[in-house]
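With the hints as constraints, model all of the structure from the sequences given.
Each protein sequence line maps, in turn, to chains U and A.
Heads up, the final residue of the first sequence is numbered 363 in this note's numbering, and it's a clean run with no missing numbers.
Heads up, the final residue of the second sequence is numbered 120 in this note's numbering, and it's a clean run with no missing numbers.
Hints listed in this document are in silico derivations from the structure and should not be mistaken for laboratory results.
For every residue, glycine included, the Cβ atom is placed at its ideal position computed from N, Cα and C.
Be a bit skeptical, because a hint or two may be false.
[Claimed, not checked] Selected chain U positions facing chain A (in silico; Cβ < 10 Å): (1) Y16; (2) G17; (3) G24; (4) V26; (5) S95; (6) A107; (7) A108; (8) H133; (9) C153; (10) L272; (11) M280; (12) L295.
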Amino acid sequence: MKLAVVGLVAAVGLAYGAHIRDAGYVYEDRRWVESFVSTRWNTRPLMTLSMLRARTYPQVHHALNLVLHASVVALLGLFAYRSGFSQIGAWFTASLFAVHPVNSQAAAYVAARPELFAALGVIGACLLAVGLHPTECPHCKQIQWGGMVCTTCGRVLRARRQSAWRWPLIVLAILFGLAGKETAVVALGLVPLVLWHTRQRSACIASVAGGMVGLAVAGWWVLSTLDGPAGLRALVNLGESSTWRTTWDTWVLTQSAASHRLFSLFLWPDALTVDPDLDMLSTAQKSLGLVTLALLGLVAFWQRHARPLVTFGLLWALISLAPRFVIQTPRSALNAHQFYTVSLGLTLAVGAWWDTWRQKATT
Amino acid sequence: MRQWYWPGTVWARWSWPWVVATVVVVGCTWRTAVVTAVWRDDRSLWANAVAHAPLKPRPALNYGVTLLMAGRSGEGLRYLRLADQLADQPHIPAIDRVETQRKARANIDRVVAALLRVRP
Numbered sequence: 001m002k003l004a005v006v007g008l009v010a011a012v013g014l015a016y017g018a019h020i021r022d023a024g025y026v027y028e029d030r031r032w033v034e035s036f037v038s039t040r041w042n043t044r045p046l047m048t049l050s051m052l053r054a055r056t057y058p059q060v061h062h063a064l065n066l067v068l069h070a071s072v073v074a075l076l077g078l079f080a081y082r083s084g085f086s087q088i089g090a091w092f093t094a095s096l097f098a099v100h101p102v103n104s105q106a107a108a109y110v111a112a113r114p115e116l117f118a119a120l121g122v123i124g125a126c127l128l129a130v131g132l133h134p135t136e137c138p139h140c141k142q143i144q145w146g147g148m149v150c151t152t153c154g155r156v157l158r159a160r161r162q163s164a165w166r167w168p169l170i171v172l173a174i175l176f177g178l179a180g181k182e183t184a185v186v187a188l189g190l191v192p193l194v195l196w197h198t199r200q201r202s203a204c205i206a207s208v209a210g211g212m213v214g215l216a217v218a219g220w221w222v223l224s225t226l227d228g229p230a231g232l233r234a235l236v237n238l239g240e241s242s243t244w245r246t247t248w249d250t251w252v253l254t255q256s257a258a259s260h261r262l263f264s265l266f267l268w269p270d271a272l273t274v275d276p277d278l279d280m281l282s283t284a285q286k287s288l289g290l291v292t293l294a295l296l297g298l299v300a301f302w303q304r305h306a307r308p309l310v311t312f313g314l315l316w317a318l319i320s321l322a323p324r325f326v327i328q329t330p331r332s333a334l335n336a337h338q339f340y341t342v343s344l345g346l347t348l349a350v351g352a353w354w355d356t357w358r359q360k361a362t363t
Numbered sequence: 001m002r003q004w005y006w007p008g009t010v011w012a013r014w015s016w017p018w019v020v021a022t023v024v025v026v027g028c029t030w031r032t033a034v035v036t037a038v039w040r041d042d043r044s045l046w047a048n049a050v051a052h053a054p055l056k057p058r059p060a061l062n063y064g065v066t067l068l069m070a071g072r073s074g075e076g077l078r079y080l081r082l083a084d085q086l087a088d089q090p091h092i093p094a095i096d097r098v099e100t101q102r103k104a105r106a107n108i109d110r111v112v113a114a115l116l117r118v119r120p
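Below, the structure written as structure tokens:
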């Protein structure tokens with residue numbers, strides 16, 4: 001296993017080493033470094049803080065991004081192991097996420113750092129949701145995390161009652177993610193998913209209720225500060241100019257096409273670019289994206305008994321994608337760095353599929 | 001009958017997932033190293049974007065601006081004019097058309113004025 005970890009570190013070094021040494025600031029990096037920072041304390045404090053602390057050298061910023069990416073990779077490996085993967089399966093999942101080209105935009109682009117903070121908060125909250133205490137399988141006496149199927153003897157386990165202390169820690173992890181970027185709100189869907197997957201059903205219901213209360217309080221506060229329907233419209237167009245508008249159907253089709261592109265790039269990462277031409281696609285082509293999403297949902301449903309971890313990963317991806325269809329940024333459809341949290345779910349699904357295959361081939 | 005050596009006959013069944021995992025991780029590492037090279041500076045980033053979306057106005061506009069900043073005024077002007085033309089395509093959303101043409105024309109005017117000052 002030590003050799004596998006050394007191999008993973010070497011692969012990450014090969015993939016990103018030259019970038020850290022040679023790269024400068026690109027695209028919106030300079031806006032953050034030079035002027036943007038002072039205006040973003042209220043919405044992205046972690047990003048603002050990190051920009052102020054390491055202001056001058058691009059190498060420092062690129063290295064910081066890579067450290068954050070590596071932290072997400074480590075937590076993903078630990079999370080995969082604790083949620084039912086074998087050690088080797090967890091290693092493969094973490095390795096795939098670490099070196100996958102779709103994630104390179106988030107790791108290599110300084111201005112995409114808020115996504116890394118958000119993902120760190122989300123995966124941290126999910127790791128805490130799996131539980132702080134392992135369960136011992138009553139049949140083979142192996143230590144298991146969560147409370148699903150024993151990875152050694154294959155029997156269904158009852159989850160051990162977990163400490164109540166994890167709840168404030170989960171809330172803190174989500175708040176950390178939200179301080180990085182508002183996309184960490186997906187944790188409100190992912191934490192119940194983790195609890196449901198690890199057979200902590202009562203905790204799952206409690207977390208859904210808690211999340212809904214939190215959302216209701218936040219929604220009430222936000223709505224009370226808004227100026228009627230126009231204000232709500234401005235909220236949906238978060239961060240965009242008030243003159244940039246789109247219709248719901250156009251936006252859903254555009255995001256579907258963008259999602260379809262990124263799902264394809266996850267499978268075959270050949271045409272990664274910062275600004276793909278989605279406008280030239282016809283409505284029929286864009287609708288194909290909706291078909292892809294429906295197909296992923298169907299595969300998740302179809303595999304729920306045979307490969308529950310694959311279902312879990314696909315549902316993770318779909319839940320992470322959902323807010324992107326609500327928040328409208330008309331001049332910027334879903335791009336690779338915004339796909340980072342979705343990619344966590346897809347990687348878990350692929351890793352789970354590989355792990356099952358490996359185990360079947362070994363026996 | 002002639003015997004063929006197919007990989008399945010000499011490789012154990014358990015080794016295939018490992019072969020696939022190795023190929024995937026090594027392939028992804030290589031591909032990521034290639035992709036991150038694009039993010040080295042603005043010029044390589046937007047040159048890559050123009051290559052992948054030759055009919056989209058924004059990459060042409062941004063590539064034009066990076067060329068101007070690199071002192072390649074002639075090429076930069078060519079891409080700015082291209083962006084201005086591409087923004088007129090019927091499928092381009094109005095917000096993109098307006099923004100791209102405003103910025104492209106402002107940059108063209110600025111460059112032409114600067115060139116006229118140097119070579120009246």
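Broken hints, numbered, in rising order? 8, 9 and 12
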